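4 protein chains.
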Amino acid sequence: MYTSEHQVRVRYAETDQMNVVYHGNYAQYFEVGRVEAIRQLGLSYKDLETSGIIMPVIEWTAKFLRPAHYDDLLTVRTTLKEMPVNHRIEFIQEVFNEKGKLLTSGKVLLYFLRSPSMEKTDMPPEMAQRLQPYFS
Amino acid sequence: MYTSEHQVRVRYAETDQMNVVYHGNYAQYFEVGRVEAIRQLGLSYKDLETSGIIMPVIEWTAKFLRPAHYDDLLTVRTTLKEMPVNHRIEFIQEVFNEKGKLLTSGKVLLYFLRSPSMEKTDMPPEMAQRLQPYFS
Amino acid sequence: MYTSEHQVRVRYAETDQMNVVYHGNYAQYFEVGRVEAIRQLGLSYKDLETSGIIMPVIEWTAKFLRPAHYDDLLTVRTTLKEMPVNHRIEFIQEVFNEKGKLLTSGKVLLYFLRSPSMEKTDMPPEMAQRLQPYFS
Amino acid sequence: MYTSEHQVRVRYAETDQMNVVYHGNYAQYFEVGRVEAIRQLGLSYKDLETSGIIMPVIEWTAKFLRPAHYDDLLTVRTTLKEMPVNHRIEFIQEVFNEKGKLLTSGKVLLYFLRSPSMEKTDMPPEMAQRLQPYFS
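Which chain is which? The protein sequence lines are Y, F, B and W, in order.
Just so it is clear: in the first sequence, position 85 is 85 by my numbering, and no numbers are missing.
Just so it is clear: in the second sequence, position 78 is 1078 by my numbering, and no numbers are missing.
Just so it is clear: in the third sequence, position 70 is 2070 by my numbering, and no numbers are missing.
Just so it is clear: in the fourth sequence, position 113 is 3113 by my numbering, and no numbers are missing.
Chain Y with its partners taken away, still in its complex shape:
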């Protein structure tokens, strides 16, 4: 299992008139969580893209248990429960508030695609090498 945590501060723009974070904005918190999870592995999603691999989101699920509020300092926990195989990678994503309460939990499936052909491809070897120690 590979787990990473990253903090994001709720912006005013991200609230809506229910005085909570608009549900669609969790997609960005999850994105930030995944990108930092990859960075904490010693890689960079930006460099992956430059090298010709893109990772579009294929499926997205979230349960909204408790609201997040303006200026909350959230912790986004991003977890790989299994070593990714072939072109699929699935992240478990959870958002906690400062009291450690789980606000939102979700699951995001992405594919590794070769750009610009958009053909499915395997996880890049440098990522596999960095992840391997967490799954053995």
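You can take every hint at face value.
Interface residues of chain W toward chain B, partial, derived using beta-carbon atoms under 7 Å:
id	residue
1	3024
2	3057
3	3059
4	3062
5	3063
6	3064
Ranges between beta-carbon positions, derived for each pair:
id	chain 1	residue 1	chain 2	residue 2	range
7	W	3009	Y	100	22 to 28 Å
8	Y	100	B	2052	51 to 57 Å
9	F	1040	B	2039	23 to 29 Å
10	F	1128	B	2125	56 to 62 Å
11	F	1122	W	3051	34 to 40 Å
12	B	2122	Y	73	46 to 52 Å
13	B	2115	Y	1	42 to 48 Å
14	W	3066	F	1019	18 to 24 Å
Just so you know, these hints were derived from the structure itself, not from any lab.
None of these values were measured; they are calculated from a predicted model.
C-beta atoms are modelled at their ideal positions from N, C-alpha and C, and glycine is treated no differently.
With chain Y held as given, fit chains F, B and W onto it using these hints.
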């Protein structure tokens, strides 16, 4: 079954550097679809809120099958497959491009809550009355 | 003078916890206004980009006089006061509510650039031809 | 003069298909800069709102000199050049990339309003006290 369709034009702001609509922005397309589905019933979600009923999103699922592009005129189809019971209402939501290709399909669960107490409540009677003919 | 109007409905996602449209979202309303102003000329900004001309925003000014609220049907009025010369084009943009009250007024300066070299270029002749009748 | 700096990392969602940060998203970077400038004074904009003072944006200007790109670690510099008087407060805001290049510069005028009456009010005394040392 109750079904409604509404069109949205993809904004430049909604694209990302993959040259497609950022996946998180479908939350907004789905929202617009639900609001217009309610309006086509002869009601207004805004009026519901003014009357003290709010409908937060509790679960959100989406599959991204094909990308949407800048300036595409999308059709958001919003469907209630079953008459909502008690405090739950589940919308099926699909986004099609101008060629009728299904781009994204999702499911959104919302609760009816009484504001400001945030207690679960039943679907408002005026909504039940308008929906009833579609399910008998 | 060339003027064009287009309507946008305020989305829930666009409000913030002040119960009004977040000021930064007017950039999107202005964008939609400009794109539709170009479409009403018989052109398409998307096609311009495909043909190798991009129009990045260089300056952006807005005064927020009155707030816009959720579900408001806004009218975005987009005006060229002068025939654009060389690589510059400046739009006056105003947002009105359903009662005709001016909510926001702004000015947006864009450049015509050749893509991918990013060199400044003149307004494309097909746009100049369509605009000419409004300025003579 | 009071100056504060804060870093923000560009999110994928914030890019557009020109491969740069969408110009409207700088409103959020500026917002984050102002909020952190207030926090570095030892105050919190959230607490201000709770105490009945809101600060809506009244005017917004920005010049976009150079683009910001995905994953850039930007520095937002927020400056008060003059001690605010009465109900007005004007921030100078600049965004720099990691090489120290100025990407965007802007000016944001906000008012202090009493909520919920929306009447103009003076800068709260606790803010005035914290700012005073920087202007004498």
